[in-house]
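Same order as they appear, the protein sequences are chains A and B.
All you need for my numbering is the position in the first sequence, starting with 1, plus 223.
All you need for my numbering is the position in the second sequence, starting with 1, plus 89.
If you are wondering where the hints come from, they were derived from the structure by calculation, not from laboratory data.
For each residue, glycine too, the CB sits at the ideal point set by N, CA and C.
Check the hints yourself; a few may be wrong.
As the list claims (entries may be wrong) - A short, non-exhaustive set of chain A residues, derived as facing chain B with CB atoms under 7 Å:
#: 1; residue: Y233
#: 2; residue: H265
#: 3; residue: P266
#: 4; residue: G319
#: 5; residue: G322
#: 6; residue: K328
Stated by the list, open to error - Below, simulated EDC-like cross-link-like pairs (lysine to aspartate or glutamate); rule was C-alpha separation at most 20 Å, straight line:
#: 7; chain 1: A; residue 1: K328; chain 2: B; residue 2: E148
#: 8; chain 1: A; residue 1: K274; chain 2: B; residue 2: E148
#: 9; chain 1: A; residue 1: K259; chain 2: B; residue 2: E161
#: 10; chain 1: A; residue 1: K259; chain 2: B; residue 2: D127
#: 11; chain 1: A; residue 1: K328; chain 2: B; residue 2: D127
#: 12; chain 1: A; residue 1: K293; chain 2: A; residue 2: D306
#: 13; chain 1: A; residue 1: K328; chain 2: B; residue 2: D145
#: 14; chain 1: A; residue 1: K280; chain 2: B; residue 2: E193
#: 15; chain 1: A; residue 1: K331; chain 2: B; residue 2: D127
#: 16; chain 1: A; residue 1: K279; chain 2: B; residue 2: D127
Unchecked claim - Derived, one-sided and incomplete: chain A residues facing chain B with beta-carbon distance under 8 Å:
#: 17; residue: Q271
#: 18; residue: G318
#: 19; residue: S320
#: 20; residue: F326
#: 21; residue: G327
#: 22; residue: P336
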Amino acid sequence: GQQVMQIPQYQHVQEGEDFTTYCNSSTTLSNIQWYKQRPGGHPVFLIQLVKSGEVKKQKRLTFQFGEAKKNSSLHITATQTTDVGTYFCAGPWSGGSQGNLIFGKGTKLSVKP
Amino acid sequence: NAGVTQTPKFQVLKTGQSMTLQCAQDMNHEYMSWYRQDPGMGLRLIHYSVGAGITDQGEVPNGYNVSRSTTEDFPLRLLSAAPSQTSVYFCASSLTSGGGSTYEQYFGPGTRLTVT
Chain A
224 GQQVMQIPQY
234 QHVQEGEDFT
244 TYCNSSTTLS
254 NIQWYKQRPG
264 GHPVFLIQLV
274 KSGEVKKQKR
284 LTFQFGEAKK
294 NSSLHITATQ
304 TTDVGTYFCA
314 GPWSGGSQGN
324 LIFGKGTKLS
334 VKP
Chain B
90 NAGVTQTPKF
100 QVLKTGQSMT
110 LQCAQDMNHE
120 YMSWYRQDPG
130 MGLRLIHYSV
140 GAGITDQGEV
150 PNGYNVSRST
160 TEDFPLRLLS
170 AAPSQTSVYF
180 CASSLTSGGG
190 STYEQYFGPG
200 TRLTVT
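Okay, chain B solo, but in the shape it has when bound (with noise of 0.2 Å):
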């Protein structure tokens, strides 16, 4: 299994562009997110989805968009880069369940963007 894989390694775009930071992963798993890590910060939610068709805002989800329209895939797209999207992306998953418990997360490698 190659787990959560994610790409591209390292991006720089300048203010206004859009691009999609794509992630993927095989553990049939039906919980996905986006983070951003940003120095001191810790790590912030983005956006989440809880299965396919299904996804939902986290703590800082303004300037992003996401969709999920299959088990393994969960892209996030930056809709017009402003330089505080400068940030290190990671994406992750997990199992499950409808009784609100939190499992084990896998973390991807991780995303390296820059905007000028």
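Isolated chain A, as found in the complex (with noise of 0.2 Å):
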């Protein structure tokens, strides 16, 4: 069946490295969503990105979708502690109507100050 695989599952920084989670989807994706889920809470949207190979930044955040539209990857520059949490991609889901998200498994991010 589609899946929707994240890697690495855990990341552990010193604060001011660089951090970076691939999201790779077994089916061509028409977009890829992003989420962080602060420990504890649930999880919040961050990104959409609907073009090939296209590139957006949110600050120090930057999201790609891959050409191909099967991966993608967020990139976060000089990582803070407010950055921890775990990072979600999402793609829609096959397998029922409009507007179903299948989800990777995430990767935790934890930052050491």
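Bring the two chains, given one by one in their own frames, into a single complex with the hints.
Right, dumping it as structure tokens:
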């Protein structure tokens, strides 16, 4: 069945270091979304990418959608303790009608001050 | 706007008991969904609804029922709780369209359920 895979599962960095998480889909996606979940919290939408090769930036966060629309990445420059949390990618789920998402298992980021 | 609200925040059930997790949104979103989150498993779709009176199964629907009588409310019912249903449950809502697009999903704060 359809799968969305994320690596790494965990990442521990020193504050100020960069961080990257990668998302790979078993199918071509029409779009991809990224969410952040703080410890004990709920997922919060960060961004949606739609176009092949698209790159979007939000301050220190850079999101990229692959040319084949099967992979994506999130890069954080100079991590801060406020970046701690789990980052999820999600794409449209092929198993139902419109609006459904299938999520990767997430990358849990910890930042040592 | 309160956004998406969920009650209760925490719940402990005994095996075999039934209960309803409540979810409401005040953003007039047609699309609503329920996910469960287990350690290391990400978010898995249980059931979803694209409008009042319309519901359908997600990836892991067994053991759960839903109904959607109004745009605002989307309760999730556990018919006979099992330890395997111990999880964190999130309700979410979003806009929807007929074109297969996905939109930003707004999540509620979650219900932490333990079944003993």
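Hint check:
1. Among the interface hints, the one on Y233 of chain A is violated; its C-beta lies about 10 Å from the nearest C-beta in chain B, farther than the 7 Å criterion.
2. Evaluation of the H265 of chain A hint against chain B yields a held restraint, the C-beta minimum of about 4 Å falling below 7 Å.
3. Taking 7 Å as the C-beta contact cut-off toward chain B, the hint placing P266 of chain A at the interface holds, the least distance being around 5 Å.
4. The interface hint given for G319 of chain A is met, as the beta carbon of that residue sits about 6 Å from the closest beta carbon of chain B, less than 7 Å.
5. Residue-level restraint check for G322 of chain A holds (minimum Cβ-Cβ distance to chain B is 4 Å; threshold 7 Å).
6. The criterion of a C-beta within 7 Å of any C-beta in chain B is met by K328 of chain A, whose closest approach is roughly 4 Å, and the hint holds.
7. For the proposed pair K328 of chain A and E148 of chain B, the alpha carbon gap of about 14 Å is at most 20 Å, so the pair holds.
8. Proposed proximity of K274 of chain A and E148 of chain B is contradicted: the alpha carbons are some 27 Å apart, above 20 Å.
9. For a cut-off of 20 Å, the pair hint linking K259 of chain A to E161 of chain B is broken: about 25 Å separates their Cα positions.
10. Using a Cα cut-off of 20 Å, the hinted pair K259 of chain A and D127 of chain B holds, with the two alpha carbons roughly 16 Å apart.
11. The straight-line distance between the Cα atoms of K328 of chain A and D127 of chain B is roughly 10 Å, inside the 20 Å bound, and the hint therefore holds.
12. About 26 Å separates the Cα atoms of K293 of chain A and D306 of chain A, which puts this hinted pair outside 20 Å; it is violated.
13. With a C-alpha separation of about 23 Å, the suggested pair K328 of chain A and D145 of chain B falls outside the 20 Å cut-off, and the hint is violated.
14. Pair hint K280 of chain A plus E193 of chain B holds up; C-alpha atoms about 17 Å apart against a cutoff of 20 Å.
15. Of the supplied pair hints, the one linking K331 of chain A and D127 of chain B holds, its CA atoms being roughly 14 Å apart against a limit of 20 Å.
16. For a cut-off of 20 Å, the pair hint linking K279 of chain A to D127 of chain B is broken: about 30 Å separates their Cα positions.
17. A hinted interface residue such as Q271 of chain A counts as satisfied when its beta carbon comes closer than 8 Å to some beta carbon of chain B; here the least separation is about 7 Å, so the hint holds.
18. A least Cβ separation of about 7 Å between G318 of chain A and chain B falls short of the 8 Å threshold, and the interface hint therefore holds.
19. Taking 8 Å as the C-beta cut-off, the interface hint given for S320 of chain A holds, the closest approach to chain B being about 6 Å.
20. The interface hint given for F326 of chain A is met, as the beta carbon of that residue sits about 4 Å from the closest beta carbon of chain B, less than 8 Å.
21. Look at G327 of chain A: its Cβ gets to within about 6 Å of chain B, closer than 8 Å, so that hint holds up.
22. Violation of the interface hint for P336 of chain A is found here, the shortest Cβ-Cβ separation to chain B being roughly 25 Å, above the 8 Å cut-off.
In the structure shown, a violation is registered for the earlier hints numbered 1, 8, 9, 12, 13, 16, 22, in ascending order.
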